[in-house]
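Undergrad: Sequence:
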Amino acid sequence: MLAVVPSPDWSIQKITLPGQPISASGYSPAVVVNDFVFVAGNMAVQQSGALAQGVDVRPTARWGGQTAFRRQVHYVIKQALEPSLQAAGSSLAQSLKAQAYIRGVENFPDFMDVGQQYFLDIPCAKKPVPAKDYASSEGMIEINLIALKNGSSRKKEVVNVNLPPLATWGPCVRAGELVFTSGLIGVDGNGTVPGVENGTAFDALSLAGQTQGSLVLSYVENICQAVGVSISNVLRAQYFMADVLDFAGVSAAWIDRFANQPHPLAALQVPSPLPATGARFIGDFWIYAS
0 MLAVVPSPDW
10 SIQKITLPGQ
20 PISASGYSPA
30 VVVNDFVFVA
40 GNMAVQQSGA
50 LAQGVDVRPT
60 ARWGGQTAFR
70 RQVHYVIKQA
80 LEPSLQAAGS
90 SLAQSLKAQA
100 YIRGVENFPD
110 FMDVGQQYFL
120 DIPCAKKPVP
130 AKDYASSEGM
140 IEINLIALKN
150 GSSRKKEVVN
160 VNLPPLATWG
170 PCVRAGELVF
180 TSGLIGVDGN
190 GTVPGVENGT
200 AFDALSLAGQ
210 TQGSLVLSYV
220 ENICQAVGVS
230 ISNVLRAQYF
240 MADVLDFAGV
250 SAAWIDRFAN
260 QPHPLAALQV
270 PSPLPATGAR
280 FIGDFWIYAS
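Counting from 0, one number per residue, gives the positions in the sequence shown under numbering that gives the first Met the number 0.
Don't read these hints as lab results, they were simulated from the structure.
Hints may contain errors.
Unchecked claim - DSSO-like mimics (lysine-lysine), calculated; alpha carbons at most 27 Å apart, straight line:
#1 Lys-13 <-> Lys-155
#2 Lys-77 <-> Lys-155
#3 Lys-148 <-> Lys-13
#4 Lys-13 <-> Lys-77
#5 Lys-154 <-> Lys-13
#6 Lys-77 <-> Lys-131
#7 Lys-77 <-> Lys-154
#8 Lys-77 <-> Lys-148
What the hints assert, rightly or not - What follows is a set of in silico ranges between Cβ atoms, one per label pair, in the way DEER data are often shown:
#9 Gln-52 <-> Leu-234: 36 to 42 Å
#10 Ala-67 <-> Leu-119: 19 to 25 Å
#11 Leu-234 <-> Ser-152: 17 to 23 Å
#12 Trp-9 <-> Ala-247: 33 to 39 Å
Every residue, glycine too, gets a C-beta built ideally from N, C-alpha and C.
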């Protein structure tokens, strides 16, 4: 959960789309707080819960261009996220971070490929995570966005930090005092995942979790140094674990490196395998850069 301390500059404005009222549960398509726009998770479904028209692919089709998954990604970005951004006084060009929950790791390449068609020239942190199921059994992806309002006082900039290309899915993006990393995974500069060979032999000690955790946390520390703060400025850490038992090793890696510094976190188990063979988790971090 995220919250703000109410003040004249930090009030919450709930955004609705034409003909779409806020639901009884309080769900809003988007919320504006100061310069920031938070767009709720969207799927390629209509209000009735059925798949949106033009998204489904008939089982007997042998051609026609795109798979059902790719069609759903296009729909979510163009027909769901973009209208919510526009209603909030923003646009895709103002996107800071896209968080995607994808049915099956085999769909990651198509997500990145379709996403590049919209974000090729738009710096945006990306966090794809494998997911098992959704409110709609036909749904294959859910995406939420964080963006800046058009004309905001904060400006978006890419944080220049030297990370192995295979260890992350996109840039680190800063907007004022907040830094958003892309999803990070324990892959080193040689393209290998540490702890794979011996990890299973020491599962009881969570060796793989600790080894990969130490590597990912070193990347987070590099990002913090690039914006001139310490890793104690991490506001929010999320660990998406192939096996939540490995989180004991990740936690040990934090304690080994940073002792009792605050570590606000959520750890949850997602379907395996992860994109890199032997990888135990995907890390996601928000950093306060005052």
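Undergrad: What are the numbers of the hints that this structure violates, sorted from low to high?
TA: none
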